[in-house]
Structure formats: structure tokens, C-alpha cells
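Novice: Listed below are the residues making up each chain.
There are 2 protein chains.
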Amino acid sequence: MSNPSKPNPTESTPAGSDPETTARGTALLDAAARDVEGWLDAWRGWDLLPEHLAEAGRYGVLSGGKRLRPALVLLACEACGGDRAAALPAAASIELVHCFSLVHDDLPAMDNDALRRGQPTLHVHSGEAMAILAGDLLLAQSFQILAAGDWPADMSASLVRLLADRTVAMVAGQVYDTLGGVPEDLDPTAQLTLIHRNKTGSLIQCAVAMGARVAQANEQQTAALDRFGDAIGIMFQIVDDLLDVTQSEAHIGKAVGKDAQRGHPTWPGLLGSEASLSEVQRLLAEAIEAVDTFGTAGTNLRDLAALLAVRTR
Amino acid sequence: MSNPSKPNPTESTPAGSDPETTARGTALLDAAARDVEGWLDAWRGWDLLPEHLAEAGRYGVLSGGKRLRPALVLLACEACGGDRAAALPAAASIELVHCFSLVHDDLPAMDNDALRRGQPTLHVHSGEAMAILAGDLLLAQSFQILAAGDWPADMSASLVRLLADRTVAMVAGQVYDTLGGVPEDLDPTAQLTLIHRNKTGSLIQCAVAMGARVAQANEQQTAALDRFGDAIGIMFQIVDDLLDVTQSEAHIGKAVGKDAQRGHPTWPGLLGSEASLSEVQRLLAEAIEAVDTFGTAGTNLRDLAALLAVRTR
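Protein chains in written order, with my numbering: chain P, 14 to 326; chain H, 14 to 326.
Careful, some of the hints might be misleading.
[What the hints assert, rightly or not] Listed below are several chain H residues computed to face chain P (Cβ distance under 10 Å; list not exhaustive):
#1 V110
#2 L115
#3 L152
Don't read these hints as lab results, they were simulated from the structure.
Since the structure is predicted, the reported quantities are computational estimates derived from the model, not experimental observations.
Yeah, the Cβ is synthetic: ideal placement off N, Cα and C, and Gly gets one too.
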């Protein structure tokens, strides 16, 4: 995959350790959060609902969060020369899918988590029946937004296809992670990669693909972003697993150490923390190299990837 | 709504009481069930999934059922001169949404039903976590099917829009029915109509609208089918409520009498059985009159509506 005529990014890039890069990455996430939260807050879809359902849905979506997937939609779109504002409905749509998955994951029959982003989870806030229904709502709304978007019909159809396919993959990943069933003939690293490529990677890769689609990116751009999304998707999950063993509950706003308690396989559990950190650096380098083709237009994507490698929550 | 130049259908039609009409309606449902089950059984989407997730998803979808919504898609499409085979993916898609809603409704935190179509519900069969995830899967798959359909992009986009909007309405109806929140300034009949127009009517009306869309129906046809769908949607729910108080569990394959136990409002509870039956006849006449404009092309829709008025399960 690496091009011998270019410097090796693992050597030339102080992968994520540079405070200025981290600050730029943080600013990019914050800006995306402001934009997508503003869009979702103002969205008229809530007005069509029974009041308590709207309240539960908004609680599930507008109670904070990194907004990584929307940020990736917006930055991928901009990297391909597309219009940030045009990509906002797609960014909102994928965030709804992410939030639906969190609401259902937190349910008593699933992870039974009481805390998310430092606040009561939706089933604690609104009851279990409402949390199930509000999760269902958010998933349906994500397609409602894509189908009502102010874009050509063929773009609408392909965005729906991307999002639906990757949502299915995400559910499959949840099943692998929660209920097992990963093919046993795979080696342990391949098993964990399969779980996380589905559970976490699929929506992250979908986000950059949606951004590329809105920008009507060419094949080369789309392929580059696909590699970028695959690398940061797995990287994001390794960092998540590391935070689960190194950070306090108060710091990251949700219960920690539960993956191991539940017997979920994790990267530090499999490789140890040292080797997991090396894998983060390797995947970051791979991601940065993948978007090298964008030149300066890819700076924001690189900065965001670098932030994700060193994030502490 | 009625046209004085035409005979009044409540007088001219032995609304649903004619055994031949009932037999024709039953044959139409059976044929649609065969077609849509064949399509769903052969669908390649299952092959992409972890085996136990595919098994749970197929169990949730391929364990029987009236297949009313797919039948309405197919018959509405044919009434508008469209091709039945072309409408099959749309029929399959809306059936997945219906089945997702049943799987989640049956959950312990919702209706806590152990029996559906005479068989264990999915959470009894596969566990609660799998039932939540398989329900999520079926909803995502419904959009996957629509987006991958072999039709023009603008048709794909408008089918997604129809289905997403009506799925949102259905979830709102579930919330009203299960958790209350219906505006109190409405009179009791208007409250019950609001609940059921959302909970049951929205997908039934969506089915005929999707059939019309696949057939590229004109405005007059679409409007007629919209009225037809609205009338049979409410009618279907009144009959459901009546069956809940008159039929045995063994006969209809799910727990009976639970609506009243749960304090859910019902039509016989509100109007009494006699007046509920009259309302069924009134709505059937309205439905039949709505599709009068189709002439003989509307015969199958009329026969199906007549069956729905007298069905005993």
C-alpha cells in the first residue's frame, strides 16, 4: 500500500503527539458538533411526534457525544471539494443511526448501562419501553432525513443504500460482540477485527463514504476515503478499549472496565496495552497515508485522525 | 365523499358477507403470501449475516402471518396497471417493517407476549438481546431492499420516503397505544382514531401508496388508494379489537383479551361490539367506494377489503 517515492508517514508524522495537531482536531470535532447539533435541534421532524416521544428521541440524540461520524461526513465532503452545508443532512442522518445503536445497546437486556456521556441512559430517563421505541424512531428518522434531503434522487438512493448496508453490518457486529458467533477458524486477531470492523468500523467508513457521495467524489477519492475509514474505524475501537481499562468512569462519562467483566474480547485483552498502542500508531499511519492523495485538502482529515489516536475520552 | 349518481355501496354490496367474495379475498392473500415469502426466503441479504442473526431474522419474518401489507402493495400496483413482479421488493420491504414492529412489541418491556402466530415469540425463541437486535436488523434491511431495488433512482427515493415517514408514524402510534400521551382535548373516538391511524393505519396506507408508486400511478389513482388505505387501516384495527374479545387464543395464535387487561383503549371497549361492527361496515363501504374509480381493475382490492371485514383471525 505504501509508495516508496514518499516519506514513510510513521517516520515523518509525529502521529498525534503534537499538541497543535490535537488542538486543530478538537476544533474540527467541536465545529462539526455545533453544526450537526444545530441542524438536529432545528429539524422539523420532531414536531410530528407525540411530545414524550420527541422528548425521548431528542434526549437520545442531543445529550452530547463526540459527533465523530458527522464530522467525518463533513470533512470527507470538504476534502473532495463538496459543500459542507449540503452534507449536513447526511451528517445528521448517520448520527441518528449511531445514537439509536447506543440507546438500544444500553438497554437492560443488552449492556444494561445506566450512564452515558455522564447522564442517565435513555431507559433510565424514560423507561425501557420508551427507550426501545425511541431507538426504533431514530433509525427510521435517519432514512426519513436522507429521503427528504434536497439532493438529486440518485444521490438520495445511494446514500440510503450506503447507510442501510452499513447499519446492517453494525447490527451484525453488535451480535458478534454481545452474543458471539464469530467464525472459530479465524485467528484471534482476525476475530476481533471482524467484530470491530462491523460494530464500529462500518459506520465510520460509511460516514466518509457518505461525505464523498455528497461531494460527487471520483473513484480515486472514494477509494482513498474507504481505506482511511477502514483504518480509523479499527483504530478508534482500539483506543476505546484502551480507555476502558485506563480511564475513570467520571472522566469518560460511562461505566468502565465492563468489557472485561462481560467477557467481551478487547484489544488490550488480546495484545496487551503496549502492542495495542503500537497498532494504533500503525493504523494512524495507514489512515494518513491513505488521504495523502488529497494534499492540503486532506489536512483536516489527517488532523482529526491524529486526534482520534490520542484522545482521552 | 359519496357520489349521488352511483348506487350506495352499503346497500348494493353485501359487504363481505358473500362466501365467494371471501374465498376470492383469501386466495388473493394466499397468493401474495406465497410470492413475498418466496422472495424473502430466497433473498441474498440473509447470507451477509452471522448465522444466528440470520436465523433470528428469518424466524421473525418467515414464521407465517397474513402478509396483508405485501398483498396491498401487489394489488394496488396491479390495480394501477403496474407489474406485480416489479412490486415484490417493495412488498417484502414493508413486511420487514411490520415484522420488526411485532418483534419489538412482543418484548418483555413492551407487551411481553410469549406467543405469536401460534409459535414462541422471537425473544422466547432467541433471547431478549437477540430479539432487540434482530428487530433493528429487519428495519435496516427494509431500507436496504428499497435502496437496492431494480427501479429508477427517483422511485427508490420516494419509496424510501414513504416507508420512513410511515414507520415513524407507526412508532408514534405504538407510543400512544402503549405509553399514552394522546391529546386530551380530542373526544374519545378521535383519540382512538389517532392511535390506530398511526399504529396500524400508517403502514396499511403506506402499502397501497407504495404499490401505486411502483406502478407510476397518476394523481387520481394515488388519491383514491390513499382514501382506500385510510378506511381499511382503521377497519382492520376495529376487527382486530373485536377478535381480541371474541376469539380464543388457540384460534388466532396469540394471547387474547390482553388489550383490556393492559388498559389499552379498544373499539368494542369504547363503542360496544354492535356499534364497532357497524363502523366496520361503514368503513368497508367507504373503502369500496374509494376504489370505484378503478372499475374492474379494482375488483381484487375490493375483494380483499371485504375479506378483511369478516376475517376471523
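Novice: So, for every hint listed, does it hold in this structure?
Specialist: Hints, verified against the model:
Taking 10 Å as the C-beta cut-off, the interface hint given for V110 of chain H holds, the closest approach to chain P being about 8 Å. For L115 of chain H, the shortest C-beta to C-beta distance to chain P is roughly 12 Å, which exceeds 10 Å, and the interface hint is violated. For L152 of chain H, the shortest C-beta to C-beta distance to chain P is roughly 6 Å, which falls under 10 Å, so the interface hint holds.
Violated hint for the displayed structure: number 2, the only one.
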